[in-house]
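S.K.: Position chain B relative to chain A; hints supplied.
Sequence lines, in order, name chains A and B. For reference, each letter of the first sequence is one residue, going 426 to 662 in the numbering used here. For reference, each letter of the second sequence is one residue, going 426 to 662 in the numbering used here.
One should not assume that every hint holds.
[What the hints assert, rightly or not] Here are the simulated DSS-like cross-link-like pairs (lysine-lysine), alpha carbons at most 25 Å apart as the crow flies:
{"no.": "1", "chain 1": "A", "residue 1": "Lys-513", "chain 2": "B", "residue 2": "Lys-558"}
{"no.": "2", "chain 1": "A", "residue 1": "Lys-550", "chain 2": "B", "residue 2": "Lys-550"}
{"no.": "3", "chain 1": "B", "residue 1": "Lys-513", "chain 2": "A", "residue 2": "Lys-550"}
{"no.": "4", "chain 1": "B", "residue 1": "Lys-611", "chain 2": "B", "residue 2": "Lys-567"}
{"no.": "5", "chain 1": "B", "residue 1": "Lys-550", "chain 2": "A", "residue 2": "Lys-511"}
{"no.": "6", "chain 1": "A", "residue 1": "Lys-558", "chain 2": "B", "residue 2": "Lys-558"}
{"no.": "7", "chain 1": "B", "residue 1": "Lys-513", "chain 2": "B", "residue 2": "Lys-558"}
{"no.": "8", "chain 1": "A", "residue 1": "Lys-513", "chain 2": "A", "residue 2": "Lys-558"}
{"no.": "9", "chain 1": "A", "residue 1": "Lys-550", "chain 2": "A", "residue 2": "Lys-611"}
{"no.": "10", "chain 1": "B", "residue 1": "Lys-511", "chain 2": "A", "residue 2": "Lys-511"}
{"no.": "11", "chain 1": "A", "residue 1": "Lys-513", "chain 2": "B", "residue 2": "Lys-567"}
{"no.": "12", "chain 1": "A", "residue 1": "Lys-611", "chain 2": "A", "residue 2": "Lys-567"}
{"no.": "13", "chain 1": "B", "residue 1": "Lys-550", "chain 2": "B", "residue 2": "Lys-611"}
{"no.": "14", "chain 1": "B", "residue 1": "Lys-611", "chain 2": "A", "residue 2": "Lys-558"}
[Said to hold, decoys possible] Computed beta-carbon distance windows for the label pairs:
{"no.": "15", "chain 1": "A", "residue 1": "Pro-647", "chain 2": "B", "residue 2": "Gly-489", "range": "38 to 48 Å"}
{"no.": "16", "chain 1": "A", "residue 1": "Arg-471", "chain 2": "B", "residue 2": "Ala-465", "range": "41 to 51 Å"}
{"no.": "17", "chain 1": "B", "residue 1": "Pro-566", "chain 2": "A", "residue 2": "Asp-548", "range": "13 to 23 Å"}
{"no.": "18", "chain 1": "B", "residue 1": "Met-467", "chain 2": "A", "residue 2": "Ala-659", "range": "29 to 39 Å"}
Simulated from the structure, these hints should not be mistaken for lab results. Model, not experiment: these values are computed from the prediction. All C-beta atoms, glycine included, are put in the ideal place defined by N, C-alpha and C.
Protein chains: 2
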Amino acid sequence: MTYQLFYWPQIQGRGEFVRLALEAAGASYRDVAREDGVPAMMAVMRDPALAHRPFAPPFLRHEGLIVAQTANILLYLGPSLGLAPKDKGGRLFAHQLQLTIADLVDEAHDTHHPIDVSLYYEDQKPEATRRAKAFREDRIPKYLGYFEGVLAANPAGPQHLVGEGLTCADLSLFQVVEGLRYAFPKAMARLEPSWLHLIALRNRVAALPRVADYLASERRIPFNEGGIFRRYEALDG
Amino acid sequence: MTYQLFYWPQIQGRGEFVRLALEAAGASYRDVAREDGVPAMMAVMRDPALAHRPFAPPFLRHEGLIVAQTANILLYLGPSLGLAPKDKGGRLFAHQLQLTIADLVDEAHDTHHPIDVSLYYEDQKPEATRRAKAFREDRIPKYLGYFEGVLAANPAGPQHLVGEGLTCADLSLFQVVEGLRYAFPKAMARLEPSWLHLIALRNRVAALPRVADYLASERRIPFNEGGIFRRYEALDG
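Extracted from the complex, chain A is given alone in its bound form (with noise of 0.2 Å):
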C-alpha cells in the first residue's frame, strides 16, 4: 500500500529524512501535503477523532496508522523497506544513532533561532552568531566525529554505521552532510579532511542509483533559508 507523507511542502527540513528513505527504497509513496496542498495535512492532523495525533508534522499514513517524530517514523519504515539491520542490538543501535542526528539538527536548527521559534532569524542575529560560532567549533566537531568513530569501529566495516548493509541512519548521515555543508561552506571545507570514513560513506549514498535520480529530479527540493539549514553569511567562518 502506498505510503503518504505528510510535511511543508516548501522546505527540506524533518521530512527529508523519510523522503530519503522512501525513494532509496524505491518505495510508492505519495507526499501529501505538495500533492494536495497544506490544508489537505493540517485537516488530518488536526481532526479531533484522531487519537494518535502529531505534534507537528512530518508524520506518516499507512495501513490505517499514523506515526509522528522523524525518528520514529524510519524505525516503523526501516524493516519494510529493507534499510533496517535485522538483529535486535543492531536495529537498536541504528535507532539510537537516529537519535543522535535528530540532536545534531535540532542544533543546527537553533544557530538561526536560538532564542524564539516564533521570532525570524534577524531578530535574533547576534545571538545567533555566537550560537553559531559554538556549534562549527565544538558541536559539529563532536557530533561528526562521533559518528567517524562509529564508522571505524564497525565490526563488518567502514562502509555503514551498522553493519554490513545500507539503514535510514547512512542516508540520514548523508543529508547531514548535505545539510552542513549548504549551512556551513566555509568551516566544512576546513573540518571535512579530518572525516574520511564519514565523507566516503556520503559520496556512497550520493552515488545509489536511486538516491542520485532524486537528487537530480525536481522531487529534490533545494535547500532554502525557510529549512533548516540555512546559508546565512554572518553564521559560517
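M.R.: Relative to the frame of chain A, chain B by itself:
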C-alpha cells in the same frame, strides 16, 4: 539479569526518565556511576573496542547490549518492564510521545543554555532570560496543551497517554511536570489550571506505591542547578 544504568551521579537529568521506569517496575538495577564513580562509566563509554558506542550518557548495559539515547533505552525496557502498550500502533504512539517529551526536555535545557553548552549560565544570562520568556509563554503551553489533548482523546480514557495501562511515557510526563514546577514555579502555578487530565495523571503517578517509595528515598536525587530543570529567579515569571 540486573540492569546496569550509567548516568551522571549528581543530577536527575536525562537519566531520571530511565530511573523512574526501573523504579516503577520494581526492576533490579545498579546505578553504576553512583555506586562505582564516574571513571567506571567513562571506561565503558570510551572503550575503543566498543562498536555500539554511546554519544553521551545515559546508557544501559543489559544482556550483552549497550543501549543509549533516553527514548531508545525506554523503547528497549518498556516491554520487559510491563510499561509498553501491547499493540504495534500503541507502541509506536508511545514512542512518538516519548520523543516529543525529549524535544520539550531539550528546550527546557536551552532556557539556561541558549548559546553555548560549554559556558556557564551566567555567561549567557541576558539571552537565557529572553529564551525562557518564549519558553514559558509559548512553548510550555504548546507542549503541555498537546499532552492534555492526547489524554482527552485516548479512547481508553484520560487516565493514561496510550491505551489503558501505565507506560514509560506517563512516567516521563510526570517527571516533566515535576521539573517544570521546580524550574518555573510561578509560570506553572498560573498555567496548570488548563491541564486537568495532565495534573491528574501527575498525581496518580506520584501516588503509585513504588514511585512514592522512590521519591521519598535517597535514591531520588533532589533537583539542582547542575541538571536540566534549574531554578533561576530571572528565568521564571
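S.K.: Taking the earlier hints as the rules, which of them does this structure contradict?
M.R.: 1, 3, 5, 7, 8, 11 and 14
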